[in-house]
Structure formats: C-alpha cells, structure tokens
Amino acid sequence: MAEQLLKVNKVDAGYRRGAHAIRDINLGLHAGDALGVVGMNGAGKSTLMATIAGRLVPENGTVELEGRDLGRMSPDRRARQGLVLLPEGHQVIGALTVEQNLLVASGARTFRGARRRLAAVADLVYGLFPILADRADQLAGLMSGGEQQMLSIGRALVTGPRLLLLDEPSLGLAPAVVDRIYDALTDLRREQLSLVVVEQNDTRLRNLCNKIVVLNSGVVTLSAATEDTDKDAIRRAYFGASHLPGDAVLASHEAEGDSHVQG
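Residue numbers (this note's numbering): 8 to 270.
Keep in mind that a hint or two might mislead.
As the list claims (entries may be wrong) - Keeping only pairs whose Cα atoms sit at most 25 angstroms apart, straight-line, the calculated DMTMM-like set for lysine to aspartate or glutamate is:
#	residue 1	residue 2
1	K14	D76
2	K14	E73
3	K14	E95
4	K14	E198
5	K17	D76
Treat the hints as calculated values from the structure; they're not laboratory data.
Here the structure is a predicted model, which means the values were calculated and not measured.
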C-alpha cells in the first residue's frame, strides 16, 4: 500500500501542559482522499486541526507528512510543504480587494511573482467561484460572509496546497452558500486535492469524504470508511454510549448552525 500523505500517531495535545483537549489520536490519510471529522462543540476538532497545522505542538505523539515527522515545524513551513489550514471563520483582509487578497496569499516576494502564482491557479479559483472574478476590484470587507468564505478558500488554493484542512467551512452560512462551498470541495477532490474537513454534523461530509472520524470529549469514538458506517453509528459515537433520540438532537444542532446565517 502507498505511504500515507498524513499520519497522526498517538497524539495528545492541549493549551496547557497536562490538560489534553485531544488524547491518543490516530489518523491516516492517503493522497487524493478526503477525511471528515465530526463532533459537537468542545469535542477537540479545532485543537486537532491546530495540532496538524503546527499551531499547537503535541505533548505526546507525532504528526507526519509523507513519513516525515513534522516535529516543531512552524505553520508557515508546513504551508510551504503543502499542508494548509483554513481556520474557522473568514480569513480575508477586508481593506484589500479580492484580487489583492489572492496576490498576498501567494506568499511571493515580488508583485511579478505573485501575479505568476495567481495566474497558475486562476482558472481553478475563478472556475470554482466565478463571483471572485466578477468582484476582483471590490474590497473584501464589503463582501457577504459566504463570498468571504469563497475568497478564503481561493486564498488557500493560491498557496498550492497538497493537503487542505478546513475547520467548519459551513459555519454561519446560508444553506445555498454551503451547497456552493461543498460543490467546490467536490470539484477539488476530482482534482486529487487531499482534504480534512471538520464539521459539527456529518450530513454533507458523508457525500464528500471517503472516511469519517467522530471525536467525543477529545478521543476518537468512531473511525471508518464512509461506506461502512451509517447515521446511527455516527450518532452513537457522537453522543457517547447512551442511545439518545439522535434525529431530534442532531436536528437541533443543525438548526443552531443555521440560526445566524450569512449570504
């Protein structure tokens, strides 16, 4: 079997020594795969993403990229290796135009270099999100939340990622916008871009990802190929051993996510 692109091996991590928000985490991802990570608020999802991206150093265990232990490698160096995190929220510079945001994201040292890097991915970025081409000269801060999220993904793509980590890309967005975001992620999978996508529920992840992991109180309670699991198994792993009225509770979680939506 081919070597895994990403391997998380027995990782404990948190924001204070000895206080582990995630414990004994084992994950693996091959090139071209998409891994969905599901869990309620406080389950450790963002901590996991921060640890993979290098924003947190694990107290125990390792994070490897193509067999190389990333150790204390900084987030910037990891990004240059192709491991790019799109954190929760809209990561744009409001005082710059859409095009300027994309140019700055390239990381090039010169304007000519930034233009060259943007040109190399322009068809992909603008093909996924045509509105970014239409709004190229508009200040990013004047865009809607959904448009800013599209720009955030576009900025990440300009860096040339091999593995893109997305922390709750649907958070606070209207359902129609979320559909557009997930259509774009599906297209990126067809381009063989590897993805790790975190959400509070599995509804969209099941259509996008070939593997699902559930986090509960900082530990993995389910890890399986998407085709080998179902909503009942995910519900039990999501809430713990007790069998709760999952459809109603999951629906309430989804309603919370849609209660303050942005276009």
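Sort out whether E198 lies within 25 angstroms of K14, counting only the CA atoms.
-> holds (22 angstroms)
Proposed proximity, E95 with K14 (alpha carbon, max 25 angstroms) = OK: K14 and E95 at ~22 angstroms, within 25 angstroms.
Quick one, are K14 and E73 close enough, alpha carbons at most 25 angstroms?
-> holds (8 angstroms)
Verify the proposed pairing of K14 with D76, using a straight-line Cα cut of 25 angstroms.
-> holds (9 angstroms)
Taken at face value, is the distance from the CA of D76 to the CA of K17 at most 25 angstroms?
-> Roughly 13 angstroms separates the two Cα atoms, so the pair holds.
Against the hints set out earlier in the document, no violation occurs for any number.
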